[in-house]
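A.B. asks: At position 152 of the sequence shown (counting the first as 1) the number is 139 in this note's numbering, and the numbers step up by one without a gap.
Careful, some of the hints might be misleading.
What the hints assert, rightly or not - Okay, the calculated beta carbon distance ranges per label pair: (1) Thr215 x Ala75: 51 to 57 Å; (2) Thr142 x Leu183: 28 to 34 Å; (3) Pro109 x Ala27: 43 to 49 Å; (4) Arg249 x Gly278: 42 to 48 Å; (5) Gly219 x Ala307: 51 to 57 Å; (6) Ala11 x Gly219: 40 to 46 Å; (7) Pro15 x Gly80: 46 to 52 Å; (8) Gly219 x Gly352: 42 to 48 Å; (9) Ala75 x Gly367: 52 to 58 Å; (10) Ala75 x Pro254: 47 to 53 Å.
Bear in mind the hints are in silico, worked out from the structure with no lab data behind them.
Don't be surprised by glycine CBs; every beta carbon is placed ideally from N, CA and C.
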Amino acid sequence: MTRRLFGSLLGLVFLVNFGRTAFAPLLPELQASFGVGPAAVGLVASLVWLGTGAVRFPVGYLLTRTPRRGVVVLAGLLLGVAAGFTAASPSIGALQLGSLLVGLASGAYFAAAVPLISDLFPEGVGRAIGIHGTAAQLAAVVAPTAVVVVLGVATWRAVFWLLATGCILVTGVLVVTTRDDAVSGDSADRSFRAALANWRVMGVGILMIATAGFVWQGLFNFYVVYLTTARGLDAGTASTLLTLIFAAGVPAFWLGGRLADRLPSVPYIVGLLVCFTAGVFALTVTRGLVGLVAVSLLVGYVIHSLFPALDVYVLGALPADTRGSTYAVFSGLSLLVEATGSGVVGLLVEAGYPFDVVFRAFAAGMVVVVAVLVSLWLAGRLPEPQ
-12 MTRRLFGSLL GLVFLVNFGR TAFAPLLPEL QASFGVGPAA VGLVASLVWL
38 GTGAVRFPVG YLLTRTPRRG VVVLAGLLLG VAAGFTAASP SIGALQLGSL
88 LVGLASGAYF AAAVPLISDL FPEGVGRAIG IHGTAAQLAA VVAPTAVVVV
138 LGVATWRAVF WLLATGCILV TGVLVVTTRD DAVSGDSADR SFRAALANWR
188 VMGVGILMIA TAGFVWQGLF NFYVVYLTTA RGLDAGTAST LLTLIFAAGV
238 PAFWLGGRLA DRLPSVPYIV GLLVCFTAGV FALTVTRGLV GLVAVSLLVG
288 YVIHSLFPAL DVYVLGALPA DTRGSTYAVF SGLSLLVEAT GSGVVGLLVE
338 AGYPFDVVFR AFAAGMVVVV AVLVSLWLAG RLPEPQ
């Protein structure tokens, strides 16, 4: 039962992340199809991630009333409907609504699925979350190529019709898999108020991941622009380096989840934060192509290793009866902080600050965060996994 359910989750998370990442490579096609400017299609991409973060709070409350497995099924059905709505969009406004619905469905899925996985595999949470993250990361790597292939034989609408079909089929398998038997450890959280009482765990988790995620969002969203303007690379080479960053996430999730099970949580996370900070700073002083390739792989591997490590730490530090709802609130707050990273970079660069200065300032901020975490840990003030 557990293996069949987990297999269904791997298929669904691939489709969920594909839905979130398919919009970016489609933006030029969508702009031409609807005859609108870059701002209108840029909003399409932004609404996906806005929905992903905003839905976590109501889902946190829903998880106190509904078993996590049920929320995952609802998220899969919603994604199928959202993808179909997006495919049939007659106007740019409808398309924007469709992208928001895709984001809402994906956010609901992750908020419920990650705690469910920790219930299914209590003795190997990191390994299971790492495999789950690998499936999601594969979708991010595959999406641009898949979109190009589909556009070679059909219109952009076919991408979302295929996504809708896949979601309905995989969600149907998920329902059949769990129809006759209850999933061990899967239950509704007991109290949303009790979930909010876990503020120390949420605060430390946000300090760890939201600050790094803030820098990460600002970095990868402007990576191609940064490399073409500050390093003089051509657009094709810069895009390839961006692809390398995401490709490095595939082994990072796979191996990082296993290491999160075996290594002490806080030292491991601090080590990853130090490596990420060093990678961001190294990027600002590296000039040659070989060096840029090495730094890109380092940054991509480390930041994607951090995600399963943080999930294992936060889930392990939370009581079982409020784990799902607290995780939903924590991840929602984190995403809201992280999402501002690219906007801050854009404002600073537009104000006249060079990319290198901005990213060095971000690296300096991360040094402060690491110092605070180390001080709290040495003083015994950080929550420990149970």
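A.B. asks: So which of those numbered hints doesn't the model satisfy?
C.D. replies: 1, 2, 4, 6, 7 and 8
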